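> Could you build all of it, start to finish, from the sequences and the hints given here?
2 protein chains.
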Amino acid sequence: MGSKQSVGIVEPKTAVLGDLRLDNGSVLSPTVVAYETYGTLSPNKDNAILICHALSGDAHAAGFHSDGEKRPGWWDEYIGPGKAFDTNQYFVISSNVIGGCKGSSGPMSINPVSGKPYGSSFPFVSIKDMVAAQKLLVESFGIQRLLCVAGGSMGGMQALQWSISYPDALENCIILASSPEHSAMQIAFNEVGRQAILSDPNWNNGLYEDNATPRKGLALARMMGHITYLSDHKMREKFGRNPPRGNLLNSDSDFAVGSYLIYQGESFVDRFDANSYIYVTKALDHFSLGKGQELTKALSPAQCRFLVVSYSSDWLYPPSQSREIVKSLEASDKRVFYVELTTNEGHDSFLLPNQRQEDVIRGFLNMPVNE
Amino acid sequence: MGSKQSVGIVEPKTAVLGDLRLDNGSVLSPTVVAYETYGTLSPNKDNAILICHALSGDAHAAGFHSDGEKRPGWWDEYIGPGKAFDTNQYFVISSNVIGGCKGSSGPMSINPVSGKPYGSSFPFVSIKDMVAAQKLLVESFGIQRLLCVAGGSMGGMQALQWSISYPDALENCIILASSPEHSAMQIAFNEVGRQAILSDPNWNNGLYEDNATPRKGLALARMMGHITYLSDHKMREKFGRNPPRGNLLNSDSDFAVGSYLIYQGESFVDRFDANSYIYVTKALDHFSLGKGQELTKALSPAQCRFLVVSYSSDWLYPPSQSREIVKSLEASDKRVFYVELTTNEGHDSFLLPNQRQEDVIRGFLNMPVNE
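First to last, the sequence lines map onto chains A and B.
Residues in the first sequence are numbered consecutively from 32, following the numbering used here.
Residues in the second sequence are numbered consecutively from 32, following the numbering used here.
Hints should not be assumed to be uniformly reliable.
One copy or any two copies: either way a pair holds, since identical chains are not told apart in the list.
What the hints assert, rightly or not - Below, a list of computed lysine-lysine pairs in the DSSO-like style, where the Cα atoms sit at most 27 Å apart: (1) 313 / 269; (2) 322 / 365; (3) 358 / 322; (4) 328 / 101; (5) 101 / 35; (6) 358 / 269; (7) 269 / 322; (8) 269 / 328; (9) 166 / 328; (10) 159 / 101; (11) 265 / 358.
I should point out that these hints are in silico values taken from the structure, not numbers from a laboratory.
Bear in mind the structure is a predicted one, so any value in this text is a computation, not a measurement.
Shown next, in the form of structure tokens:
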């Protein structure tokens, strides 16, 4: 393998696409999708890989928007020249989900009738709808068939949905740290997050103004979510029982782990919208391909090859949920590879540097397609 | 074993005890402790067992306060004639912790200077302070030595603290589903609960009025706590992905598990004080006997016999924390029995009916003391 490089400076783009009839019957018109691309589309348009993001992600998956940007895109570790998704070989597309708040159609979009953001009057968006919007984007490039759709967590749900919504339109599917449906406990954590937002006096039924958003509720939701993305081991390693650093009098917590969570909550509020948090977590909770025979039947239209990866320390999306997917794919004779990686970082593992994960993705993509 | 019976109607009592110098230097004067007793104290006062409650518990551990009361005390399953803590043999004492809100000295106590509740001006209370107040109560009965101190979760921390604060004053110690100190993850969950209360507009730095308490924040804290007390298995069994029962339009959640949590949060607010929630969770988080050699040293003064019980499905206080206690007790040659019970109910297991837990407690108490 060659040396790994950054994709460098990338330009955020926006596509204004056609109408989209949503799962709930509403029509999105137009469908706006924020996206970025890395690498070059081949003349016969057969080297495109679509990357799907998780709950709080966005289209900015790799590189930098400017020289001054401190951190690269969220999956820069895996996308770039010489990296697992090698932009010397592949044309990588990354887009923001609809229902989100990073440039695609969502509650923050302006309602042309009122001239104000839709807020909670934006229609409910499902994982299937997010994928349908991505399909419009992919078609706008003239791409009929993707080499691969890949994602972790909610991104894995989207990848899985791609395989059955558009069986002809992808050759490979990579599903990391994901699930065919949320368990009661996964729903429960999201529910408390939503309740925190609904309890905020600024909530105003989702019709809050720009200068009075439900910041405190959203920060609480993020704090709680953040605990579930880490492992006990990772937290111990990172914080132990240490007191907060810096000026104790200025801290709202007696412990470093507490002040870290408070910081995570507060900085999240500056970059995420409370309505989108509700929309996207509801999309997650309502996504359900069933289990056992029901799941096998749901997955039967798929024609692509699958790579499913789980992480030993992920207690939020435990390996057992990935194995459900694998079992059902095998039951209907799909081509599927499964790897459980031993990690200490909990659900966030798929986002973090991991040579083994890199090798597994690269190996899967390089393998002759009939294997 | 004989047939199990209820202790019947019990009378809540309050003891006004002497001054207590707290860990933080303040003096509690007087020390008020709410308590109940079940069974009869033997003439030579050698059959008394002290029961210690968990975070949201109270002195009402067994029986009923009136004929009309719907549910008996919180550990009625284990306390009564013919039960594990057999009131035909033992005199059982159960008291509310100081810092709590169920009759013992705490933030809801009236500050004689202002004529109003102390609220957040009540002094910080540690697990050691809670135990010191219990010692005053036990002495008020003329009891020099308890046959046993027993508790689960925070109650287990109190039992452990008893064994080293007053090594001469107890013969046996039962520690269920507990820990020698909170991990970063345990602290993190409590921290988010506290932040939820602090974010409530009614919080007013803990000096809220009776008619405007931080209800929403406390309800959120409870909802989140509640998730951590159950197991994924138990939640799936109880709710699965079912929609809420009853009128969907009146529900704030799309899922049964959500409406259950909302109900748990709301009903908790009616019976618990937000300041106490903060005080008691802080006592939990600050309790630290260390680990490894440090823990062994901390436990070295203990002279009693120990029973330590953990629960396979308890991911909040995992069996590894109980084994830490056992390992350190064994390292300094204490008499200790350890049982890991296989259960599906998560952290709440110790509160629930379990024949095996009953047998283990009964067997431990009946065993000749030198075994």
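> Now look at each hint and say whether the structure bears it out.
A quick look at each hint next to the structure:
no.: 1; hint: 313 / 269; in the structure: between (31 Å within a copy, 21 Å between copies)
no.: 2; hint: 322 / 365; in the structure: within (16 Å within a copy, 49 Å between copies)
no.: 3; hint: 358 / 322; in the structure: within (10 Å within a copy, 42 Å between copies)
no.: 4; hint: 328 / 101; in the structure: neither (46 Å within a copy, 47 Å between copies)
no.: 5; hint: 101 / 35; in the structure: within (19 Å within a copy, 67 Å between copies)
no.: 6; hint: 358 / 269; in the structure: between (36 Å within a copy, 25 Å between copies)
no.: 7; hint: 269 / 322; in the structure: between (36 Å within a copy, 17 Å between copies)
no.: 8; hint: 269 / 328; in the structure: between (43 Å within a copy, 26 Å between copies)
no.: 9; hint: 166 / 328; in the structure: within (23 Å within a copy, 64 Å between copies)
no.: 10; hint: 159 / 101; in the structure: neither (34 Å within a copy, 47 Å between copies)
no.: 11; hint: 265 / 358; in the structure: between (30 Å within a copy, 23 Å between copies)
Going through the hint list in order, the structure does not satisfy hints 4 and 10.
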